[in-house]
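Using the hints, position chain B against chain A.
Sequence lines, in order, name chains A and B. Using our numbering, you'd call the opening residue of the first sequence number 226 and step up by one each time. Using our numbering, you'd call the opening residue of the second sequence number 42 and step up by one each time.
Think of the hints as simulated: they come from the structure by calculation, not from any bench. Be a bit skeptical, because a hint or two may be false.
[What the hints assert, rightly or not] With a straight-line Cα cutoff of 25 Å, these simulated SDA-like cross-link-like pairs (lysine to any residue) come out:
(1) B:K99 x A:S320
(2) A:K271 x B:V102
(3) B:K84 x A:S296
(4) B:K84 x A:G328
(5) A:K271 x B:D148
(6) A:K271 x B:A64
(7) B:K106 x B:T69
(8) A:K331 x B:G153
(9) B:K106 x A:D311
(10) B:K99 x A:S276
(11) A:K331 x B:P82
(12) A:K271 x B:K84
(13) B:K84 x A:D286
(14) B:K93 x A:S252
(15) A:K271 x B:P55
(16) B:K99 x A:D311
(17) A:K271 x B:V53
(18) B:K106 x A:S296
(19) B:K84 x A:G323
(20) B:K93 x A:S289
[Stated by the list, open to error] Stretches of chain A that chain B covers, calculated by requiring three or more beta carbons in the stretch to come under 8 Å of a beta carbon on chain B:
(21) 235 to 248
(22) 254 to 263
(23) 313 to 324
[As the list claims (entries may be wrong)] These stretches of chain B come out as covered by chain A in the derived footprint (C-beta under 8 Å, 3 or more residues):
(24) 111 to 122
(25) 137 to 147
(26) 150 to 159
Note that beta-carbon positions come from the ideal geometry of N, C-alpha and C, so glycine has one too.
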Amino acid sequence: QSVLTQPPSASGTPGQRVTISCSGSSSNIGSKTVNWYQQLPGTAPKVLIYSNNQRPSGVPDRFSGSKSGTSASLAISGLQSEDEADYYCAAWDNSLNGAVFGGGTKLTVL
Amino acid sequence: EVQLVESGGGLVQPGGSLRLSCAASGFTFSDYWMSWVRQAPGKGLEWVANIKEDGSEKTYVDPVKGRFTISKDNAENSLYLQMNSLRAEDTAVYYCARLRRSPWYFDSWGQGTLVTVSS
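Next comes chain A alone, as it looks inside the complex (with noise of 0.2 Å):
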């Protein structure tokens, strides 16, 4: 049981919008940033959004986050079917002093 709250799966067409959405509490979401990674198969996570909704270099603009209250969401435009992959987000939380996980959404590209 994960702390975070995500829908385990999401699909779209290409060229379809996509949003993917977290739910925390007061002690995550609601008093720290979230950030987003993408897992593709086989290969180790990678930050896509961090601080609510900065982009690091190299992450496409088709990816953005945002934040309200306690949940957050990550939207991805221009669906590609290299998107296929598994999106986890992430908050700090002040309880436990260290990072709590969403599940996990898994984004099929039909």
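Using the frame of chain A, we list chain B on its own:
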């Protein structure tokens, strides 16, 4: 280029011990907090432990407290995870990750090393 290379994984019996290593290069290792994150087979990510730049602060997720110890050798540019009293539920790929603190995020990850706890 930042590189993190884990080693030391393998098959161990329940109750046994294992020491994971992470060799860092491409950055000033002593300037960064470091972390271990694990992923059980077919499951999601779980943060395991953090260590401060100079090793003076360490934090752990509850299930590993008292059994795992994170350490850092800045002279050798290496991060370690000593795992004792291993349980079947510790079976996972263990990733070494560089931790940015302000804002916080894991900005670089190693390729992972698999630990299997089984008799």
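We went through each hint and held it up to the structure:
1. B:K99 x A:S320: holds, 15 Å
2. A:K271 x B:V102: Within the cut-off at roughly 21 Å; holds.
3. B:K84 x A:S296: Between K84 (chain B) and S296 (chain A) the Cα gap is close to 22 Å, so the pair holds against 25 Å.
4. B:K84 x A:G328: Holds, at roughly 8 Å.
5. A:K271 x B:D148: Holds. K271 (chain A) to D148 (chain B) sits at ~8 Å (cutoff 25 Å).
6. A:K271 x B:A64: This hinted pair holds, its Cα atoms lying about 19 Å apart.
7. B:K106 x B:T69: Violated, at roughly 28 Å.
8. A:K331 x B:G153: At roughly 20 Å apart (the allowed maximum being 25 Å), G153 (chain B) and K331 (chain A) satisfy the hint.
9. B:K106 x A:D311: This hinted pair is violated, its Cα atoms lying about 28 Å apart.
10. B:K99 x A:S276: Holds, because 23 Å separates the two Cα atoms, which is no more than 25 Å.
11. A:K331 x B:P82: Judged against 25 Å, a Cα distance of about 15 Å means the pair holds.
12. A:K271 x B:K84: holds, 17 Å
13. B:K84 x A:D286: violated, 28 Å
14. B:K93 x A:S252: holds, 22 Å
15. A:K271 x B:P55: This hinted pair is violated, its Cα atoms lying about 31 Å apart.
16. B:K99 x A:D311: violated, 29 Å
17. A:K271 x B:V53: violated, 29 Å
18. B:K106 x A:S296: Roughly 29 Å between the alpha carbons, so the hint for K106 (chain B) and S296 (chain A) is violated.
19. B:K84 x A:G323: holds, 19 Å
20. B:K93 x A:S289: This hinted pair is violated, its Cα atoms lying about 30 Å apart.
21. 235 to 248: violated (count 0)
22. 254 to 263: Our answer is that it holds, as 4 residues pass the Cβ test (under 8 Å) against chain B, meeting three.
23. 313 to 324: holds (count 7)
24. 111 to 122: violated (count 0)
25. 137 to 147: holds (count 5)
26. 150 to 159: holds (count 4)
Comparing the model with each numbered hint stated earlier shows that hints 7, 9, 13, 15, 16, 17, 18, 20, 21, 24 do not hold.
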